[in-house]
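K.L.:
Sequence:
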Amino acid sequence: MKAILTALFFIIFTQLSSAQGNTDTASSKKISKAEQELLDLSKLKWQWMSDKNVDKLGHFFHEKSVFVHMGGSWGKEQEVNVIKSGGIWYKKADIQEASVNIIGNTAIVLNKITLLAVVGGNEVTNPFMVTEVYVKEGDEWKLGSLSFTKLLTP
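Residue numbering for the sequence shown is -19 to -1, 1 to 135, as defined by mature numbering (1 follows the signal peptide of the UniProt record, and there is no 0).
Hints in this document: simulated from the structure, not taken from any laboratory. Predicted model only: the values in this text are computed from it and were never measured. One thing to keep in mind: the hints can contain errors.
Label-pair ranges, simulated between beta-carbon atoms [unchecked claim]: (1) Lys72 - Asp21: 14 to 22 Å; (2) Leu132 - Gly102: 19 to 27 Å; (3) Gly68 - Lys117: 13 to 21 Å; (4) Ser54 - Lys14: 31 to 39 Å.
Here are the simulated lysine-lysine pairs, BS3-like style, with alpha carbons at most 30 Å apart [claimed, not checked]: (5) Lys123 - Lys10; (6) Lys14 - Lys72; (7) Lys57 - Lys93; (8) Lys24 - Lys73; (9) Lys93 - Lys10; (10) Lys93 - Lys72; (11) Lys11 - Lys65; (12) Lys45 - Lys33; (13) Lys73 - Lys93; (14) Lys73 - Lys131; (15) Lys72 - Lys131; (16) Lys93 - Lys33; (17) Lys131 - Lys37; (18) Lys72 - Lys45; (19) Lys65 - Lys10; (20) Lys65 - Lys33; (21) Lys123 - Lys11; (22) Lys131 - Lys33; (23) Lys37 - Lys117; (24) Lys45 - Lys117; (25) Lys57 - Lys117; (26) Lys131 - Lys93; (27) Lys33 - Lys10; (28) Lys73 - Lys57; (29) Lys123 - Lys14; (30) Lys37 - Lys73.
Glycine included, C-beta positions come from ideal geometry on N, C-alpha and C.
Taking the hints into account, I'd like the entire structure generated from these sequences.
P.N.:
Given below as structure tokens:
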């Protein structure tokens, strides 16, 4: 009986050690030029939002884009107006993880971030998983959807 328990322990320990060694498959995967372009574009978007650069954002957001926040959802025009007026000021997005999946002319970028923002005059910090959906029109990627999911743990 002792030999069986020892063997089971060894098998479980070996499996756990093996699984822990492969927890970060996204970072070990070689990314393509298009994937890197999207990750760079996503990062640039956060900077434009921080800078309140509504001219670049207005061009970058698809005409039919949608934005999902903790307090509601709306389209391109309202998002640009919210940024321009300072209703939401995306001061700093600290990106902990980022990944991209391209499916034809659509790309999905996931960003795990800690967002420092000013909302309604109050400075807040929240951990989010942000889903960004991009569509390729001609040679340009346009942001079609930006959705914030608040994480329970930072």
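K.L.:
Next pair to validate is Lys24 with Lys73; report whether the Cα-Cα distance is within 30 Å.
P.N.:
holds, 11 Å
K.L.:
Hey, Lys11 versus Lys65, does the alpha-carbon distance stay inside 30 Å?
P.N.:
It is violated: about 38 Å lies between the C-alpha atoms, which goes past 30 Å.
K.L.:
Can you confirm whether the C-alpha distance between Lys123 and Lys11 stays at or below 30 Å?
P.N.:
The given pair, whose Cα atoms are some 24 Å apart, holds under the 30 Å limit.
K.L.:
Between Lys65 and Lys10, is the straight-line Cα distance small enough, at 30 Å or below?
P.N.:
Answer violated: Lys65 to Lys10 is near 38 Å, above 30 Å.
K.L.:
Given the hinted pair Lys45 and Lys33, is their alpha-carbon gap at most 30 Å?
P.N.:
holds, 20 Å
K.L.:
Between Lys93 and Lys72, is the straight-line Cα distance small enough, at 30 Å or below?
P.N.:
Holds. Lys93 to Lys72 sits at ~16 Å (cutoff 30 Å).
K.L.:
Are Lys45 and Lys117 close enough, with their CA atoms no more than 30 Å apart?
P.N.:
holds, 13 Å
K.L.:
Holds or violated: are the alpha carbons of Lys65 and Lys33 at most 30 Å from each other?
P.N.:
Cα-Cα ~6 Å, so holds.
K.L.:
Does the hinted range 13 to 21 Å hold for Gly68 and Lys117 at CB?
P.N.:
violated, 30 Å
K.L.:
Regarding the pair Lys123 and Lys14, is the alpha-carbon distance no greater than 30 Å?
P.N.:
holds, 17 Å
K.L.:
Has the given pair, Lys73 with Lys57, been kept, meaning a C-alpha gap of at most 30 Å?
P.N.:
Given that 30 Å is the threshold and the Cα spacing comes to 21 Å, the pair holds.
K.L.:
Verify the proposed pairing of Lys73 with Lys93, using a straight-line Cα cut of 30 Å.
P.N.:
holds, 13 Å
When the structure is compared with the earlier hints, violations turn up for hints 3, 11, 19 and 27 and for no others.
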